[in-house]
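Engineer: Chain residues, written in single-letter form:
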Amino acid sequence: MDPGLIIFLFLQGLVLGSIYGIVAVGLSLIFGIARIINLSHGALIMWGAYTALTFFVGYNLSPLGSLFIAIVVGLSLGASIFYLILRRLIGAHELTTLLATFALSIFLEEIARLNYGLDYRGFSWSLGVVKIFDYRLTYSSILAGVIALSIVIILTLFLYKTRIGSALRGVAQDPVGAYICGIDVNKIYALGIGIGFGLAMMSGVIITMYNPTGINPYLGAPYLLKSFVIVVLGGLGSIIGAYVGGIIFGLAEVVLFPLYDYLHFHSPMSMTLFTEFVILLILLLIRPYGLFRR
Amino acid sequence: MHLLEVNNVTKRFGGITALKNVSLYIDSGEKIAIIGPNGSGKTTLFNVINGVYIPEDGRIIYMGRDITKLSAHERAKLGIARAFQITRPFPGLSVRENVMIGALFGTLSEKINTREALKIADEMLKLVGLYNKRDELAIKLTGPERKLLELARALAMKPKILLLDEIVAGMPPAKVDEIVDLVKNVAERENIAVGVMVEHVIRAVIRFAERVYVLDRGEIVLSGKVEDVMRNPKLREIYLGTRFKGGV
Amino acid sequence: MIKGKIIDHMSLIIMIFSYIIIWMLKTSFPEYSQMLTLLLYYIAIAQAYNIFLGMTGYVDFGYVSYFGLGLYGMALGVSYASQNNLSSSEAIILGMILSVILAGSVAGVVGGIALRLRGAFFAIATIGLSQALRYLIEGAKIWGGAEGIIIAKDLRKLFGEEGFSYATITLPDTGIFILAVATGIIMYLIRISRLGYGLLAIKEDEDAAKVFGVNTTLYKFVAFIISAVLTSLVGSMWTLKVTAIYPPESFNIAFSVEFIVIVMLGGGGTVLGPLIGASIYSLSKYYLGVYLPGLQLTVFSIILLLIVLLFRQGIVGELRSFLYKHEIVRKIIR
Chain U
1 MDPGLIIFLF LQGLVLGSIY GIVAVGLSLI FGIARIINLS HGALIMWGAY
51 TALTFFVGYN LSPLGSLFIA IVVGLSLGAS IFYLILRRLI GAHELTTLLA
101 TFALSIFLEE IARLNYGLDY RGFSWSLGVV KIFDYRLTYS SILAGVIALS
151 IVIILTLFLY KTRIGSALRG VAQDPVGAYI CGIDVNKIYA LGIGIGFGLA
201 MMSGVIITMY NPTGINPYLG APYLLKSFVI VVLGGLGSII GAYVGGIIFG
251 LAEVVLFPLY DYLHFHSPMS MTLFTEFVIL LILLLIRPYG LFRR
Chain R
1 MHLLEVNNVT KRFGGITALK NVSLYIDSGE KIAIIGPNGS GKTTLFNVIN
51 GVYIPEDGRI IYMGRDITKL SAHERAKLGI ARAFQITRPF PGLSVRENVM
101 IGALFGTLSE KINTREALKI ADEMLKLVGL YNKRDELAIK LTGPERKLLE
151 LARALAMKPK ILLLDEIVAG MPPAKVDEIV DLVKNVAERE NIAVGVMVEH
201 VIRAVIRFAE RVYVLDRGEI VLSGKVEDVM RNPKLREIYL GTRFKGGV
Chain S
1 MIKGKIIDHM SLIIMIFSYI IIWMLKTSFP EYSQMLTLLL YYIAIAQAYN
51 IFLGMTGYVD FGYVSYFGLG LYGMALGVSY ASQNNLSSSE AIILGMILSV
101 ILAGSVAGVV GGIALRLRGA FFAIATIGLS QALRYLIEGA KIWGGAEGII
151 IAKDLRKLFG EEGFSYATIT LPDTGIFILA VATGIIMYLI RISRLGYGLL
201 AIKEDEDAAK VFGVNTTLYK FVAFIISAVL TSLVGSMWTL KVTAIYPPES
251 FNIAFSVEFI VIVMLGGGGT VLGPLIGASI YSLSKYYLGV YLPGLQLTVF
301 SIILLLIVLL FRQGIVGELR SFLYKHEIVR KIIR
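Sequence lines, in order, name chains U, R and S. Here this note's numbering is used: position 52 in the first sequence is 52, and no number is missing along the way. Here this note's numbering is used: position 231 in the second sequence is 231, and no number is missing along the way. Here this note's numbering is used: position 208 in the third sequence is 208, and no number is missing along the way.
Bound-form chain U, shown alone (with noise of 0.2 Å):
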């Protein structure tokens, strides 16, 4: 095997796998800090692929500048959403909170139905692309990646080195006890939904980064699902993990295509799908609780 793809499938592994641990991460917050299961994750990635979309084609806008559109805009959707609906689904059965964010899911996937029609739409922002041996990256789609990184390193920052990051980190392992020491817990969950939620935006804009077509209102179910897995992977929670879950998923899948269009599968993505679900499951048999986790 040419040793020049291979170096070659390990970097764009890398790229793919950073976009993927930021997807994943919202999805992780979320149910760190608020144990919800955000089923609109998916809807919300949708969204931001669309911001990005619609501020390049609009206002030309490079998806850079998107990206501060999009936290602005998830953190009060989120926030808000938090204090409408989910507010009272604290602490309750699980089914109603799952219900709830597929309810929104659903209604966010309509408004972009509604209003963008069902075609598949892209745009093109080409920063040119690097040769790698005789294998091409676009400098988009490494920036992608880059930011991608850049995104959860100021992430952690902000939940360890900072006040407000130390009281969300208290509500995630003690509601109780952190509203005994005196934190609104109520401004901590919309603060952390709402993080949560525009990191999913964040994240749909980095994806046109890497592929800037496709664009439709069911872009994110396959990175909802693929979330599932990472977050599994990584430890359901935990920021780290979902990132480092996300950058394993990226190499597995950049190995695991090529190998089963090598075996002449059928559809070697389905194939490569399967796969990923097939790992789901048995992690969450062996480790439901992450791979890094004791």
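No wet-lab data here; the hints were simulated from the structure. Positions of the beta carbon are idealized from the N, C-alpha and C atoms, including for glycine. Take the hints with a grain of salt, since some may be wrong.
[To be verified] Computed footprint of chain S on chain R; a stretch qualifies when at least three of its residues, placed anywhere within it, have a C-beta under 8 Å from a C-beta of chain S:
1) 65-73
2) 89-95
3) 105-116
[To be verified] With the C-beta cut set under 8 Å, the calculated list includes, among others, these residues of chain S facing chain R:
4) Tyr197
5) Leu200
6) Glu204
7) Glu206
8) Ser279
9) Leu283
[As the list claims (entries may be wrong)] With a straight-line cut-off of 27 Å between C-alpha atoms, the simulated DSS-like cross-links for lysine-lysine are:
10) Lys133(R) <-> Lys153(S)
11) Lys69(R) <-> Lys133(R)
12) Lys331(S) <-> Lys111(R)
With the hints as your guide, set chains R and S onto chain U.
Structural biologist: For chains R and S alone, kept in the frame of chain U given last:
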């Protein structure tokens, strides 16, 4: 042969040893009390006896049979019943249905149908004085009523051993006497062995027991006849002395 | 005494009576026939799912898989029968048997393993399972892969040109009606049995249920298998109606959610819930399609939110709790 023997049981949680080499026994129809300060391991001990936890070391023998590895529901069927300290009624079911579940899955389990279980449930509810609340949803009961429901549900299992967690905690003294008498009467009539755990040295409870075990930091430090243990100066030390001497 | 017994089983009588009325309406008003069949289909699936979701409180987002395996079972049975010149009744029986075997064995494996997980972890595992099945069928090109299975030709061969409408309308419609009644009766019998009380105890507090003697692992497993097999039978009848099946639709999580919404809307664990939930759901879906075309899902997402926020126990459940004091209500509304 004792009804239940706990032999050298050790239970750890991570680095913390909750129970260290604990041994005790209880005979058929006997009443024992387990006392000890908060965090001494009483709840863990009950959880090990009824199968919520499996101990790392030691054995539990019940009616001559090693039940150390049996799961909680299997032990319930063999006649080990439990009433929780923090009451756990099935909130969305009626009071009657709660007690029925006790009867349906207790020692009579395979021998009775739902109609007979209903009859047993009604009997038990009359016994504890909740009969006129039988069709309320369990969630609507007051705190003390929930304790009575907890007791009725455990008794409906027709157990051989009844483990009562702090059943009288937070109750007025008059109510304590009433519940203690109630348990005593039923236990004597149906030959049920009773293990009751209490945090504070409550006279009524201690007097009710024939023997007493004192648990401190996961170890049994004193045991024997009630009068002997109560007179032992070590008891005072556990509750007052060491804690204060050691500095808080 | 006898009167008392009838009152005791009033909810069952009301339920069966309602199904018969729906069936009579269907035969009397052919213009509404397909809508009422759709209603019976939703009732049957919701009642089957109720046995697991409603009774245990475990959410299976991959529940559609059992419906999908039912679809595939019948499609495989019919195409095998047509290739091997079996009779039409042999084809249908073979299809139903295959549906049951496929759904039963997958449910057996999943139930045996995933039911050890609780809450969110169980829900995620079931999503993983339904997607894994879908992509395996597509990726390894099992059972026609992404091209699906089309059985219209086989049905024409088996039933003849003149028997085609019997095979695709009369037979499945009757089958779905019978299944609606059967799942209702099974649900009712479970609800009033030891199994039912054990399951409700699990839903209320699984750890306490264990301490009170409920073999939680076994009970969840039994409910899961019964539920999956009944749903697969509804799927096997549905194949005859649609005559063509494809992996994305057969394992579409949106269908699982549709079933969950119906059970929740009516009231999980109640006998009459699926009837009420399915009626409201299918009627409003139908009329929203007529009056607000394209906006059904938007409206549904809002309705779903309102259920979650205002009617946590569903319509029947809330009504029962509200009127619990009255003995008659308690017996009629179950």
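Engineer: Compare the structure with each hint and give your call.
Structural biologist: A quick look at each hint next to the structure:
Check on the segment 65-73 of chain R: 3 of its residues sit with their Cβ under 8 Å from a Cβ of chain S, so the three-residue criterion for coverage holds. Counting residues of the segment 89-95 of chain R whose beta-carbon sits less than 8 Å from any beta-carbon of chain S gives 5, enough to reach three: the coverage restraint holds. Counting residues of the segment 105-116 of chain R whose C-beta sits closer than 8 Å to any C-beta of chain S gives 5, which meets the bar of three, so the coverage hint holds. The interface hint given for Tyr197(S) is met, as the beta carbon of that residue sits about 5 Å from the closest beta carbon of chain R, less than 8 Å.
Residue-level restraint check for Leu200(S) holds (minimum Cβ-Cβ distance to chain R is 6 Å; threshold 8 Å). The criterion of a C-beta within 8 Å of any C-beta in chain R is met by Glu204(S), whose closest approach is roughly 4 Å, and the hint holds. Taking 8 Å as the C-beta cut-off, the interface hint given for Glu206(S) is violated, the closest approach to chain R being about 11 Å. Taken as an interface hint, Ser279(S) does not check out: its beta carbon lies about 24 Å from the nearest beta carbon of chain R, beyond 8 Å.
Because the smallest distance between the Cβ of Leu283(S) and any Cβ of chain R comes to about 28 Å, over 8 Å, the interface hint for this residue is violated. With a C-alpha separation of about 64 Å, the suggested pairing of Lys133(R) with Lys153(S) is violated against the 27 Å cut-off. With a C-alpha separation of about 38 Å, the suggested pair Lys69(R) and Lys133(R) falls outside the 27 Å cut-off, and the hint is violated. Distance restraint check for Lys331(S) and Lys111(R): the Cα-Cα separation of roughly 26 Å lies within the 27 Å cut-off, and the hinted pair is therefore satisfied.
Of the numbered hints given earlier, the model fails hints 7, 8, 9, 10 and 11; all others are met.
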